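Once you have looked at the hints, place chains E and H on chain U.
Chains as they are written, first to last, in my numbering: chain U, 1 to 321; chain E, 1 to 273; chain H, 1 to 431.
No lab work stands behind these hints: they were computed from the structure.
Check each hint, because a few of them may be wrong.
In the BS3-like style, the derived pairs of lysine-lysine whose C-alpha atoms are separated by at most 30 Å in a straight line are [as the list claims (entries may be wrong)]: (1) H:Lys327 with H:Lys145; (2) U:Lys74 with H:Lys426; (3) H:Lys184 with H:Lys237; (4) H:Lys342 with H:Lys69; (5) H:Lys91 with U:Lys74; (6) H:Lys91 with H:Lys69.
Please read all numbers here as calculations on a predicted model, not as lab measurements.
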Amino acid sequence: MSQTSSTGVQPRTQTPRLGWLSRPRSFTDSRRFFLFFMAAPAVLYVLIVGVWPLAQGFWYSFFRYNLIRPARTKFIGLDNYIAIFEDRGARQAILNTFQFTLTSVSLQLFFGFCLAMLLWRDSRFNRIALAFLLIPATITPLVVGLIYKALLGADYGLIGYYLANAGIGPRTGLLTDSGTALWVLILIDCWEWTPLMALILLAGLKSLPADVLEAGRADGATAWQRFTLIVLPLMLPSIFLALVLRTMDAFRVFDSVFVTTGGGPNDATNTLMVLAVKEGLQFFNIGYASAIGNITILFIACMAAVLLLVVRRADVRINGK
Amino acid sequence: MAQVSGRQVFAERTAVLLITIVMLLPVVWLITTAYKPSNQIFSIPPRLDFQPTLDQFRNIFGYFDVVSLLRSSVAISAGTTVLSLLLGVPCGYALARSRSRYATGFAYFFLAIRMVPAIASLIPFYLMMRDIGLLGSWWAVVIINTMLNCAFVTWMMFSYFRALPRDMEEAALTDGCTQLGAFFKVAVPAARSGIIACVLFCVMFSWNDFLYPMFLTTLDSKPLSVALLTAYGTKDITWGSLGALAHFSTIPIVLMALFLNRYFVQGATNGVQ
Amino acid sequence: MTKIANFRLSKTTSVLGASLLALLATTAYGQDKPLAGVTLTLASQNDQFGAVLAKLAPEFKEATGADLKVEIMDYGTLLTKTTADFVGDTKGYDLVTMDIVWAGAYAENQYSVDLTDWVKRDAAELELDDIYPVILESLGQYDGKYVAFPFAAYANVLAYRKDLFEAAGLDVPKTMEEMVADAKTLTDPAKNQYGFVANGQMGAAVAQDWMQYNSQMGGSILGADGMPALNSPENVKSLAVYKELFADTAPPGAIEYDWGGREESFRQGIAAMMQTWSVGAPGYSDPAISNVVGKVGIATAPVGEGVAPEYGVGGWGMAINADVDAKQQEAAWTFIKWLVSKPIHKEFNLDGAGSFMRISQMTDPDLLAKFDFLPVIATTYENGNGDYRPRIPEYPEIQDILGSAVNAVLSGAVEPQAALDEAQAKAEELF
Chain U
1 MSQTSSTGVQ
11 PRTQTPRLGW
21 LSRPRSFTDS
31 RRFFLFFMAA
41 PAVLYVLIVG
51 VWPLAQGFWY
61 SFFRYNLIRP
71 ARTKFIGLDN
81 YIAIFEDRGA
91 RQAILNTFQF
101 TLTSVSLQLF
111 FGFCLAMLLW
121 RDSRFNRIAL
131 AFLLIPATIT
141 PLVVGLIYKA
151 LLGADYGLIG
161 YYLANAGIGP
171 RTGLLTDSGT
181 ALWVLILIDC
191 WEWTPLMALI
201 LLAGLKSLPA
211 DVLEAGRADG
221 ATAWQRFTLI
231 VLPLMLPSIF
241 LALVLRTMDA
251 FRVFDSVFVT
261 TGGGPNDATN
271 TLMVLAVKEG
281 LQFFNIGYAS
291 AIGNITILFI
301 ACMAAVLLLV
311 VRRADVRING
321 K
Chain E
1 MAQVSGRQVF
11 AERTAVLLIT
21 IVMLLPVVWL
31 ITTAYKPSNQ
41 IFSIPPRLDF
51 QPTLDQFRNI
61 FGYFDVVSLL
71 RSSVAISAGT
81 TVLSLLLGVP
91 CGYALARSRS
101 RYATGFAYFF
111 LAIRMVPAIA
121 SLIPFYLMMR
131 DIGLLGSWWA
141 VVIINTMLNC
151 AFVTWMMFSY
161 FRALPRDMEE
171 AALTDGCTQL
181 GAFFKVAVPA
191 ARSGIIACVL
201 FCVMFSWNDF
211 LYPMFLTTLD
221 SKPLSVALLT
231 AYGTKDITWG
241 SLGALAHFST
251 IPIVLMALFL
261 NRYFVQGATN
271 GVQ
Chain H
1 MTKIANFRLS
11 KTTSVLGASL
21 LALLATTAYG
31 QDKPLAGVTL
41 TLASQNDQFG
51 AVLAKLAPEF
61 KEATGADLKV
71 EIMDYGTLLT
81 KTTADFVGDT
91 KGYDLVTMDI
101 VWAGAYAENQ
111 YSVDLTDWVK
121 RDAAELELDD
131 IYPVILESLG
141 QYDGKYVAFP
151 FAAYANVLAY
161 RKDLFEAAGL
171 DVPKTMEEMV
181 ADAKTLTDPA
191 KNQYGFVANG
201 QMGAAVAQDW
211 MQYNSQMGGS
221 ILGADGMPAL
231 NSPENVKSLA
241 VYKELFADTA
251 PPGAIEYDWG
261 GREESFRQGI
271 AAMMQTWSVG
281 APGYSDPAIS
291 NVVGKVGIAT
301 APVGEGVAPE
311 YGVGGWGMAI
321 NADVDAKQQE
331 AAWTFIKWLV
341 SKPIHKEFNL
351 DGAGSFMRIS
361 QMTDPDLLAK
371 FDFLPVIATT
381 YENGNGDYRP
391 RIPEYPEIQD
401 ILGSAVNAVL
411 SGAVEPQAAL
421 DEAQAKAEEL
431 F
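This is chain U alone, in the form it adopts within the complex (with noise of 0.2 Å):
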């Protein structure tokens, strides 16, 4: 108790950063055993479970490998990668799959920040309204995607229908426009993951110290200073992590433009996924779905990388070194 007054202000320098190379102070072995053993359950299960179908599925990306004409198998190198590449719509799947990601993690990044604060106070009808938001996310992606299919239809949809007789959008639906489809799915993705990301946010906003932000609040900082100098710079772990949680499943969005568009029109809503579930589980091509699912692996790492990049420097500009 006392030790709170005393330190009001001290957990500012204490803030944890994502620069996590703070000093070491002199630490006893016995802390040391005891981290060590918290980890080790985690780290060896998932050693033992992820790793070996992970390492298989790289091996398997070198060979032509396909599980319905086992007698073709053939070491080819890199050739699957270099197919993908050479492949047009591989090609603007990829370009597809960022434009979808970029777009669709921004959007809901800026909502779900706006839907934490406004659920940040306490109460009884903010729990009850999590609860309810939460249901977009409680529904398996394909039937998300048939939902939103069924009312975008131009010809009975009920969305759809009136859109497209009002002139709104093209006559054949949003969904059939190479310039509408992909902006279709996007919304469609922000509809059912904002909440999650709202709620990420939502917990790091709880998490934050209240003494802190009484403070701020004691020295009496407006509301948007308040947000500038105290929230903001204290959640970019949160950000962080949702950042790239949302990142990597968005990249591998799959299950909604199966179903409504199929990748189409004309590959105009193609992606990596689509391309990797149909030549893994409908041709059973494991060569070269392996390859594409690792380059998604790669274009993800990066990403997250650069995220990390762009987190750490915007602490050390707020927080200062």
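Chains E and H only, in chain U's frame:
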């Protein structure tokens, strides 16, 4: 977060209410298909009114063993969530508190695991489950989902624990608290909101994941998410069954979220519980 | 729990009521229930027959003592799970419904038990001469061997709106040229009325519908040498016509239709003509799901001027997993024989499976009373072609290549010639 004007609260609530309603409209459409006669689900021009019927529910109880589907969904989600938290929360804590330079490396390792597209590991994993005889059981799904979710929980908790000042635990340790005691009595309660968020996440991810269960379960062990797809025939989509089944897949999650959200409160102030 | 059990029971009793014939069949297999204690697991496509198969399970147990578990799945899940089961030797399913186009892959990899000898041995019991040759050949055989046994055959037919044709004073089109002309006549966007509808969605949806039209226009996916000939002049021409049909006579949203969207648009009454599988035909006169009850006629599909009449045949065969042990295989074969036996298969169809395949069914008074379009199906089978979608192992890839090419043409991004040239180049890489 005290002393705010009633007007501000009112404005906030109105906004939340409006957003919630707009977000729920597509779901409401899906749910209502369950009460519509099949020939009234679509019409030209589209209409909102219909004569309510319970036929669709009768149909799905004829086609599906809904109780078994629910049981599988619950078992898979609960198993995944419990295991993921047991593995992930301590690990996230350890990585956040560790000063070893390998800690960061491990944190990124978990992030990398979470990135893996299902398609890359699905078939090797399928064969692995066959070899250890778990194919077709809930365990197969729980094991793979736990792998992905514990990676995620580790990352999430890593972030939240880092955001918590360490002086509290250090004070507790100096006061003679055991290591484990400091973790459970100080660190975990302080990160409560983060943990609740993790629970919600794990449950939802495993509840509506269908690619793994589709591949790994059989008739007796398949969950609702897979059954939902059955309504998606080549020739037709049986919207009524989809809507009726959606009740069973949505309502439990809402109830759970309502329950958990009671604990989803502002975190501890610095040092006081 | 009890509720469900009760419900099941009532369903079962209704089935039993309708199936005196089944009891007759029982005696044929002896009273001692030779398969008592055996459990057969069947992976079924979610077509109309899926639910009926599940419904017949208690009757099968009654007849033979074997339990039949039917797992109904959507097409993608079925393909993925059964292939994984075959490739991983996991013996998850004893019986698998096999789409006509999977035959090549089944044969090449020997996923299923070769039924040739059993079929020969039990020819009399199966009453093979009562099944249309085209069905036996295309739904069961590949390269002369039975990879599966047909149980659900579909005829590609033309569903048309009698009222609209009458009002316009038109006859049902016999040729593709007439059909195109009629479609144009019957299109009036101001009245939200369109002459024609087909699948436009990228992927399998648009590919399958186009292959059907293409074959009727005299085109072909494979050349005489069995290799892909996607960019043949006939194919290019038929694709141009198809595009014209879409642009001028189909509902605006048709370019994103898959089967569900196409059928719904017809049931909503905005399309005057649609080619479809006969299995859905009873649905148009079912007031519970259709808004065009009593206005729909079923006719044989039109064929191009000067093209010998050949109609599309599709459907499903029942295959036995080659990995399961001999006893299960025998039991599975018993099930197949039971299912396709005259009385049970008739009941199967009376219950709404839409899977007519026996010559005697076409003139069966009970069936005719319920399904007046059977003569159309008979004509289709008599001149049937089950190979307009080539049943080769590479079919899935070819279908996908065409699905992208045709969709690109329909969306106006590419000209037919260029699209098919590119598709041909891609298809050649598969061989």
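| message | Please verify whether Lys91 of chain H and Lys69 of chain H have alpha carbons no more than 30 Å apart. | response | Within the cut-off at roughly 14 Å; holds.
| said: For Lys91 of chain H and Lys74 of chain U, compute the direct alpha-carbon distance and say whether it is at most 30 Å. | reply: Answer holds: Lys91 of chain H to Lys74 of chain U is near 27 Å, not above 30 Å.
| message | What's the verdict on Lys342 of chain H and Lys69 of chain H, does the C-alpha distance respect the 30 Å limit or exceed it? | response | Holds: Lys342 of chain H and Lys69 of chain H sit about 22 Å apart, inside 30 Å.
| task | Take a quick look at whether Lys184 of chain H and Lys237 of chain H sit within 30 Å of each other, Cα to Cα. | result | Roughly 18 Å separates the two Cα atoms, so the pair holds.
| message | Please verify whether Lys327 of chain H and Lys145 of chain H have alpha carbons no more than 30 Å apart. | response | holds, 22 Å
| Can the restraint linking Lys74 of chain U and Lys426 of chain H be considered satisfied, given a maximum Cα separation of 30 Å? | holds, 20 Å
The structure is consistent with each of the numbered hints, conforming to all of them.
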